Amino acid sequence: MDVAELERVRRARRGDSEAFRAIVEAYSQPLWRAAFRVLGDGAAAEDAVQNTFLRAWRSLDRFDEKAELSTWLYRIAINAAIDLRRERKRREPFSAPVPEDFNGQARAASETPDPQKSAVWRDLADRAQDVIAELPEAERTAILLRHFEGCSIAEIAAALGSGENAAKQAVFRAVHKLRAVLGPLMEDSRHEPA
Amino acid sequence: MSLRDDDLILFFYGEHDAPAEVERELASDPDLARRYETLVRELSALRAIEAPQPRPGLEGRMWARVEPELSPPRSVFGWRWAAAAAAVAVIAFGGFLAGRMIQTTPDEGKVVETIKGFSPDQRARVLQAALADHLESSQRLLLEVANGGGSIDEERAVAAVLLDDNRLYRRAAQLAGERRVAAVLGELQGLLADIAGAPASSGPRSPQARAQSEDMLFKVRVARNNLKGLS
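Order-wise, the sequence lines are chains A and B.
Positions 995 to 1188 (this note's numbering) are the ones given, in order, by the first sequence.
Positions 25 to 255 (this note's numbering) are the ones given, in order, by the second sequence.
Pulled out of the complex, with its shape left as it was, chain A reads as follows:
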């Protein structure tokens, strides 16, 4: 963690809200993207990010200064998003879990007009999000940090508070579980992602 960020954390710990504001502004976007991957919904992702910052504010005294603030926040964000996803599924068990877009915004991954392909993508996204949501916390954090954030095994180990071998095993288990679900889906659809 760089010196300026460490100073912001220390000031925020003492109750300096302006220092915390700088943290909120620096991390809103990456945390929103992390939450979106779990929730598939922009407005819900904003709720998750809000919860993330509030949890972080309340837990700042427990943040280990040797750790990276980004991975600590990221882990809180993933858990906040998972909590929201489960809550939403409890409340609306039969609703469509993945909207085609949100607030008029298009999905970045694919803009295909082909309805069959869109359906395949939605199915893949939904199933991938379900699998990720059901993974044990260490595996979920490991795969999201490795696959989407490009974190190294060493960084994942630091985020998990575990050894590198445990982090590696968490990635392996997550990948195996994802492949077990996504592989047959891709085989059945015979559609390559756009």
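In case anyone wonders, no lab produced these hints; they're calculated from the structure.
Since the structure is predicted, the reported quantities are computational estimates derived from the model, not experimental observations.
It cannot be assumed that every hint is accurate.
As the list claims (entries may be wrong) - Just the calculated beta-carbon pair ranges, DEER-fashion: (1) Asp1010/A <-> Leu199/B: 32 to 38 Å; (2) Asp1120/A <-> Ala184/B: 32 to 38 Å; (3) Arg79/B <-> Asp1124/A: 35 to 41 Å; (4) Ala181/B <-> Leu1000/A: 23 to 29 Å; (5) Arg28/B <-> Asp1120/A: 27 to 33 Å; (6) Glu1181/A <-> Ala235/B: 30 to 36 Å; (7) Glu1143/A <-> Arg28/B: 21 to 27 Å; (8) Ala42/B <-> Glu1001/A: 39 to 45 Å; (9) Glu47/B <-> Leu1000/A: 39 to 45 Å; (10) Asp1010/A <-> Glu47/B: 47 to 53 Å.
Claimed, not checked - These stretches of chain B come out as covered by chain A in the derived footprint (C-beta under 8 Å, 3 or more residues): (11) 32 to 46; (12) 71 to 77; (13) 81 to 93; (14) 158 to 168; (15) 184 to 198.
Every residue gets a Cβ at the ideal spot worked out from N, C-alpha and C, and that includes glycine.
Fit chain B to the given chain A structure using the hints.
For chain B alone, kept in the frame of chain A given last:
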């Protein structure tokens, strides 16, 4: 060199120790190359959950939502206060509620006065928030034990602190009528005592301890979610 799927996963993510060897194997072994292609294709499905750009102005919106909710952050003293207060259950219950609200070292008189000023709703909310934090800390410890990669001495020290807190929170949950949470805290108490009392050793945790932690982890997670459902 016999390559397993785990080697291919490491290679895919650029983490393999001997990438040149993997490349040579892929070039010379068509079966292996097919396995790798399948892996790449299946992982490419994760692009389905790539995130778009958020709506413009996210940072400003987020601060506008977060700022009104910021109360003074808890100091580390809160932990010591909670542990010390465990000695006297009734005062402790009031004490930890008060400690969360007034954010300073509460003396007994102040505790009583503060508690008197709470509405039942306020007490319930503060208790739920306190329990949620405690369960979160316990989850982190159990995760480390379940993963088996951490230092046993550190785990023992953390478990000892959590054990003291756990007795207090369990009592508080009972007083608040949170029977399910109290039951989970009762189970957690036994496991924390085991972890805290484990012999000092440089060896790994036993498979049984890791399995128990994994099992407890699930129960703690469910209890935390249920608590949130009450708020």
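Here is how each hint holds up against the structure:
no., hint, verdict
1, Asp1010/A <-> Leu199/B: 32 to 38 Å, "36 Å, holds"
2, Asp1120/A <-> Ala184/B: 32 to 38 Å, "44 Å, violated"
3, Arg79/B <-> Asp1124/A: 35 to 41 Å, "26 Å, violated"
4, Ala181/B <-> Leu1000/A: 23 to 29 Å, "25 Å, holds"
5, Arg28/B <-> Asp1120/A: 27 to 33 Å, "30 Å, holds"
6, Glu1181/A <-> Ala235/B: 30 to 36 Å, "34 Å, holds"
7, Glu1143/A <-> Arg28/B: 21 to 27 Å, "25 Å, holds"
8, Ala42/B <-> Glu1001/A: 39 to 45 Å, "42 Å, holds"
9, Glu47/B <-> Leu1000/A: 39 to 45 Å, "41 Å, holds"
10, Asp1010/A <-> Glu47/B: 47 to 53 Å, "51 Å, holds"
11, 32 to 46, "holds (count 4)"
12, 71 to 77, "holds (count 7)"
13, 81 to 93, "holds (count 9)"
14, 158 to 168, "holds (count 6)"
15, 184 to 198, "violated (count 0)"
This entry does not satisfy hints 2, 3, 15, going by the numbered hints stated previously.
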